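So the protein sequences, as listed, match chains P and F.
Residue numbers for the first sequence follow the working numbering, beginning at 1 and rising by one.
Residue numbers for the second sequence follow the working numbering, beginning at 367 and rising by one.
Calculated from the structure, these hints are not laboratory results.
Among the clues, some could well be false.
BS3-like mimics (lysine-lysine), calculated; alpha carbons at most 30 Å apart, straight line [what the hints assert, rightly or not]:
1) P:Lys-67 to F:Lys-578
2) P:Lys-179 to F:Lys-498
3) F:Lys-578 to P:Lys-6
4) F:Lys-590 to P:Lys-6
Note that the coordinates shown come from a computational prediction; the quantities given were computed from them, not determined experimentally.
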Amino acid sequence: MTIELKGIQKVFPGAGAQPVLDGVDLQIQDNEFFTLLGPSGCGKTTLLRLIAGFERPTAGSIVLFGKRVEGTPPNERPVNTVFQHYALFPHQTVARNVGFGLRMLRRPAEEIDREVGRMLELVRLGALADRFPHQLSGGQQQRVALARALVTSPRALLLDEPLSALDSKLRDEMRVELKTLQRETGITFIFVTHDQGEALAMSDRIAVLREGRIEQMGVPDDIYERPRTRFVAQFVGDMNVFEGRLIKPPGGPFAFRTRSGAILPIAESTRQDDNAEMLAVVRPEKIRLALAETGDDSQGGPRLSGVVSNKLYLGTDTVYFVDLPHGETLRARMQNAAVSGDSFEIGASVLVNADKGAFRAVDRRP
Amino acid sequence: MTYSTSGSDSRMLNARHLRPGPRGRSFPLSRLLMLPTIAVIGFFLVVPLGIIVTYSFLEPATFGGVVWSFSPEAYIQFLFERDIFDDTLAFNTAYLQIFLRSVSLAVAATLVSLMIGFPTAYFIATRPERQKNILIFLITLPFWTNLLIRTFCVLLILRDDGLINTVLMGLHIYEKPVTYLYNNTAMAAGLVYSYLPFMILPLYANLERLDKGLIEAAYDLYAKPWRVFTEVVLPHARPGIIAGSLLVFVPSLGTFLVPDMLGGGGRLLIGNLIQLQFGSSRNWPFGAALAVILLAAILLVLMLAASRSRSVNVQGGH
Numbered sequence: 001m002t003i004e005l006k007g008i009q010k011v012f013p014g015a016g017a018q019p020v021l022d023g024v025d026l027q028i029q030d031n032e033f034f035t036l037l038g039p040s041g042c043g044k045t046t047l048l049r050l051i052a053g054f055e056r057p058t059a060g061s062i063v064l065f066g067k068r069v070e071g072t073p074p075n076e077r078p079v080n081t082v083f084q085h086y087a088l089f090p091h092q093t094v095a096r097n098v099g100f101g102l103r104m105l106r107r108p109a110e111e112i113d114r115e116v117g118r119m120l121e122l123v124r125l126g127a128l129a130d131r132f133p134h135q136l137s138g139g140q141q142q143r144v145a146l147a148r149a150l151v152t153s154p155r156a157l158l159l160d161e162p163l164s165a166l167d168s169k170l171r172d173e174m175r176v177e178l179k180t181l182q183r184e185t186g187i188t189f190i191f192v193t194h195d196q197g198e199a200l201a202m203s204d205r206i207a208v209l210r211e212g213r214i215e216q217m218g219v220p221d222d223i224y225e226r227p228r229t230r231f232v233a234q235f236v237g238d239m240n241v242f243e244g245r246l247i248k249p250p251g252g253p254f255a256f257r258t259r260s261g262a263i264l265p266i267a268e269s270t271r272q273d274d275n276a277e278m279l280a281v282v283r284p285e286k287i288r289l290a291l292a293e294t295g296d297d298s299q300g301g302p303r304l305s306g307v308v309s310n311k312l313y314l315g316t317d318t319v320y321f322v323d324l325p326h327g328e329t330l331r332a333r334m335q336n337a338a339v340s341g342d343s344f345e346i347g348a349s350v351l352v353n354a355d356k357g358a359f360r361a362v363d364r365r366p
Numbered sequence: 367m368t369y370s371t372s373g374s375d376s377r378m379l380n381a382r383h384l385r386p387g388p389r390g391r392s393f394p395l396s397r398l399l400m401l402p403t404i405a406v407i408g409f410f411l412v413v414p415l416g417i418i419v420t421y422s423f424l425e426p427a428t429f430g431g432v433v434w435s436f437s438p439e440a441y442i443q444f445l446f447e448r449d450i451f452d453d454t455l456a457f458n459t460a461y462l463q464i465f466l467r468s469v470s471l472a473v474a475a476t477l478v479s480l481m482i483g484f485p486t487a488y489f490i491a492t493r494p495e496r497q498k499n500i501l502i503f504l505i506t507l508p509f510w511t512n513l514l515i516r517t518f519c520v521l522l523i524l525r526d527d528g529l530i531n532t533v534l535m536g537l538h539i540y541e542k543p544v545t546y547l548y549n550n551t552a553m554a555a556g557l558v559y560s561y562l563p564f565m566i567l568p569l570y571a572n573l574e575r576l577d578k579g580l581i582e583a584a585y586d587l588y589a590k591p592w593r594v595f596t597e598v599v600l601p602h603a604r605p606g607i608i609a610g611s612l613l614v615f616v617p618s619l620g621t622f623l624v625p626d627m628l629g630g631g632g633r634l635l636i637g638n639l640i641q642l643q644f645g646s647s648r649n650w651p652f653g654a655a656l657a658v659i660l661l662a663a664i665l666l667v668l669m670l671a672a673s674r675s676r677s678v679n680v681q682g683g684h
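The whole structure should be built from the sequences, with the hints applied where relevant.
Structure below.
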């Protein structure tokens with residue numbers, strides 16, 4: 001076990017004294033790319049700062065590599081941080097920035113030179129060793145910050161929204177680079193982000209945080225396909241949500257009656273009791289639309305019909321807004337696979353098809 | 367792009383030309399706004415300076431004022447003593463000693479101000495916004511009172527029957543009053559007290575812009591607190607240290623109030639010496655020459671500081 005947090009609570013003194021973190025338990029494995037995902041104010045950065053040592057927990061224990069460290073200052077913890085705005089030392093060259101940690105550890109000069117050179121090659125900045133941070137682009141600064149944090153071979157790297165200051169094209173490149181870097185170095189990465197796409201693309205495991213608590217933890221596929229709460233369902237990706245009650249016919253499969261009366265088949269439910277007030281959720285891209293006259297390929301899925309009331313053309317996909325007869329609106333995301341045509345006009349009557357497992361019931365708890 | 371003021375343009379001076387901004391083609395308003403400053407500096411700095419330099423090369427009149435004939439005597443007098451009988455020159459360090467005493471006192475006052483001012487400025491800069499404003503307001507509070515009165519108050523505190531001695535004797539720590547006044551330490555204390563705000567304010571302005579993330583980054587990368595200070599805080603603060611030191615050093619070097627009141631008048635500094643020449647000694651050219659020497663010394667320090675901060679800039683500062 002690399003990093004273990006138990007019962008972490010953090011209360012900042014002052015206004016309200018609402019805990020920023022409240023009973024967080026986490027175990028992060030060696031060589032894992034672990035992501036803390038959540039909206040701003042959920043406590044994810046505070047959690048990272050607790051691991052780095054910039055804050056002390058109000059309650060709970062932090063164990064790094066078998067050693068309790070709640071009172072250990074950051075300069076004695078074998079973890080390094082990549083800051084959101086990089087925090088490069090403005091008066092030092094790229095090479096001196098990267099060598100900073102090794103100098104503080106009083107490593108011999110030739111070792112520092114060697115390691116800095118090796119690290120600058122790794123992040124492809126060898127040619128810029130003598131530049132100053134303000135002479136670099138955002139992406140280059142980002143890579144210097146990475147090299148500086150990695151050169152001392154920390155046992156874990158903490159990354160605080162490291163990509164948020166980059167423009168979107170560069171961000172996509174850096175995602176791949178980070179992932180590659182993590183695989184090559186074999187160092188545990190703890191990555192903080194509010195961007196669910198980033199989290200899904202890079203992580204081995206994700207913890208979704210909300211108001212100081214872990215809402216759900218699991219592999220990306222788990223988080224995306226099997227959200228357990230409304231918050232996770234709506235925060236990670238796009239989701240159709242219907243309020244209503246679970247129906248459990250004796251022996252038969254689950255079904256769901258929406259508030260306005262539509263019946264949906266349910267593949268999986270977080271609760272089992274009949275008539276429980278729950279939410280039915282389905283991803284827009286799991287839904288297939290067909291013109292009403294062409295017929296039904298629901299293969300045991302739901303049988304719903306509706307009228308296209310609006311559509312958004314997104315290039316790769318088109319999102320259709322389908323008004324169901326009982327008053328609810330369903331979003332369906334259809335891939336624009338064909339070269340042209342093959343779309344539904346506003347006002348068209350459509351059948352809503354989906355695979356059997358597409359609809360799930362989750363807790364109503366907000 | 368040029369700002370040429372061609373004849374036809376200036377004759378056509380209208381609202382368009384008065385519009386401020388970098389692209390004003392003929393006569394930008396911003397230049398007009400400079401005129402009062404140029405007038406004030408021209409009249410009240412350049413002209414008096416010219417008078418001083420001129421006077422320093424003239425001969426003194428018997429009852430003050432100058433005789434209009436050229437003489438380098440004033441500068442010779444600074445370093446040499448002229449024998450009254452045979453006119454031979456002998457090297458005399460009396461004035462040089464006063465000058466050096468002034469410099470070392472100013473250096474001491476600057477160093478002490480820096481040692482007190484830096485932690486203070488750092489403390490204020492790291493407070494929450496509301497507290498910062500209050501604390502900075504408190505730092506500027508002494509400026510509400512005249513320097514003479516403030517120096518007099520220091521005298522009241524330090525003198526034999528002053529506040530400190532009264533308290534110490536009241537507590538029976540000492541039976542007889544301790545003399546704090548009329549020595550170099552008292553003068554340095556007076557200088558520090560007078561000019562400390564000039565050290566704190568530029569340092570505060572500088573440290574307030576220090577990114578807290580840099581300190582955390584250094585701390586995260588295994589730096590001990592002392593190394594965080596030398597590697598991150600100090601390089602950032604260098605321009606503030608230079609500015610604050612100059613603002614304390616320069617007025618300290620020219621002071622005459624502090625030695626008069628806290629030095630007891632017996633320990634001359636260059637400021638008093640100059641004052642004396644225009645007063646009771648009635649040797650205006652020598653006073654002017656001393657002022658020019660002082661000015662030259664200060665300019666030298668300023669140029670050193672400027673070249674120093676330029677080399678810092680080349681190193682990649684801001």
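Tell me the hint numbers this structure goes against, listed in increasing order. 2
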